[in-house]
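*Asks:* Generate coordinates for the entire structure from the input sequences, incorporating the hints supplied.
Just so you know, the sequences run in chain order A and B.
Quick note, the first sequence lines up with residues 894 to 1366 if you use the numbering used here.
Quick note, the second sequence lines up with residues 443 to 620 if you use the numbering used here.
Taking lysine to aspartate or glutamate and the EDC-like style, the derived pairs with C-alpha atoms no more than 20 angstroms apart in a straight line are:
1. A:K1106 to B:D582
2. B:K566 to A:E1112
3. B:K463 to B:D485
Quick caveat, the hints were computed from the structure, so don't treat them as lab data.
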Amino acid sequence: MHKESAIREPLILGHKTYTDITADVCKPIEDKAPKMWYILFTIALIIGLYGVGCIFYLIGTGIGVWGLNKTIGWAWDITNFVWWVGIGHAGTLISAVLLLFRQKWRMAINRSAEAMTIFAVFMAGIFPLIHMGRLWLAYWVLPLPNQFGSLWVNFNSPLLWDVFAISTYLSVSVVFWYIGLIPDFATLRDRVKRPIPKKMYSILSFGWSGRAKNWNRFELVSLVLAGLATPLVFSVHSIVSFDFATSVIPGWHTTIFPPYFVAGAVFSGFAMVQTLMLVMRKAMRLEAYIHTRHVEYMNIVIMVTGSIVGTAYITELFISWYSGVEYEAYAFINRFSGPYWWAYWSMMTCNVISPQLMWIRKLRRSLLFTFIISIVVNIGMWFERYVIIVSSIHRDYLPSSWSMHYPSHIDLGVYVGTIGLFFVFFLLFARFFPVLPIAELKTILKSSGESYKNAPDTHGHDHADENHNTNNH
Amino acid sequence: MAEKIIYAMYDDDDVLKDGAKKLVAKGVKVAEVFSPFPIHGIDPIIGVKNTRLGVMAFMYAITGTLLATIGMRYFMIVDWPMNIGGKPNNSYLENILAFIPITFEFTVLCAAHGMAVTYFLRNKTLPGMPAQNPDPRTTDDRFVMEFRLSENSQFSEEELTSMIQSTGYVELDLKEVK
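*Replies:* Structure representation (structure tokens):
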């Protein structure tokens, strides 16, 4: 078995046994939902339904109901799309990249972060779909034989790359998540007593039996999927950034965009994970599994990616002057001193200054502070997209067409509605699905659980002859 | 003839692994191990071969790359070459840069889904399949080793049971199946 240094903080606190892990994760599912769950669910559902209503109105009337105009043909919708896709980057990063790097702390958060990813990508997907206006023609983005001559979709366009990237990312994330869920559904199937849940979990668990060969395949499939998902995470947001970077709009036409967007996505994704996990660990009494150390690890990721984002902002600003292109320079002068100065400076404060506070150990280990910063970061990242998109196009080459973007109430309704729907999905997930990977947590109990880790090694003589055939794991 | 199966249940993965090692050294064949999580290092002991799903994933990936290449070459070069700013659009290689992202995405799509489907089929885990673990506790904190008498015909039932007895199991179960 893999041994861990004694000075490393344990990942599972308290004197847990295998069955304690099962019980702790299954308890919130088996118990009646607390009143708070119903309250939150109702609020989220009302907001979500309001959003759905706005979407119906939008589709019935046309996208003229958005606050767009001739100059600003792309604003709130694409901002929200990029914001949600960005948030949707943390889950697969946590489960895939951290799996490849053998980071065991990922197991406390990977399941719910992946769920968050999937729901966030759903929400992101809504925006380009409704932007089409005629939702029922959405299949036109696929290269299907048709009667308009042999007219194909344009494979040179980053917008089509997005179609492939987002749908691949979504479906691969779902598969990755579900393969991990199957053994845990089997645990639930074997535990629950009431007939209907038993039947449901029995179907969901696909008849998983936990044979040695099944686990052998499970581990390989997880590893290969992680290997496939890792470049996928980076490619998806690079492609999203190509939507802007391959255009010729000053402020968008920059080669720095792909790494800058990917770092920003991880930054905002982790912030959203923090927001959700800090509430979830408390509400579902999972403090032994998601504790200060995990929060600190995530804060370090936020700090590093926040610094990358900050560097990118400043590089972008410097290059706009250094390039000697006056249109490029103007786009940036306009960003920080033009009519959208408040958006620019909110973005700078939230994304550049706030993550730097994480250098202080006391602050990055403070749960309340983390919670506040996680929300600040998500607000900042929303402003980042708004600044990049709206401030670059609202003043184009022809001053007579300069304009401002004012969101309509439908814009606001759809956006707030997606937040509501996101929480509807997440609350349902937290209610009926195992929010921690039960099987995976059990594999780290002996190496990283508090009671095992610091206990005197009673099996010393057993381990000596074991080392030669188990150290390949 | 009815087949007799012995299920030995353990409450610790390391105890099971040590027990399996001792029994296998004596020539006992372990038919199966059921566990709530992967027991690292058990596969070589009980003779489970490494899965070849990785090779399958690679083949699905290559299929994806090929399909994407053939498809985009047909759509963009052969069937409807686009004239964008007078740039040549008559050769796939000269335009390949624009096709890299989708080639990559489609490769990943085929590899991931192909492998997932193969994984479900090979494991025989599909929606609605019945669970086959011998005891519901094997998805919680119990580990079960399965022995088949027919595979251990050199030992009598008593010999086998007494050998298993020395490995520190917590429960022993004997089942007869047709």
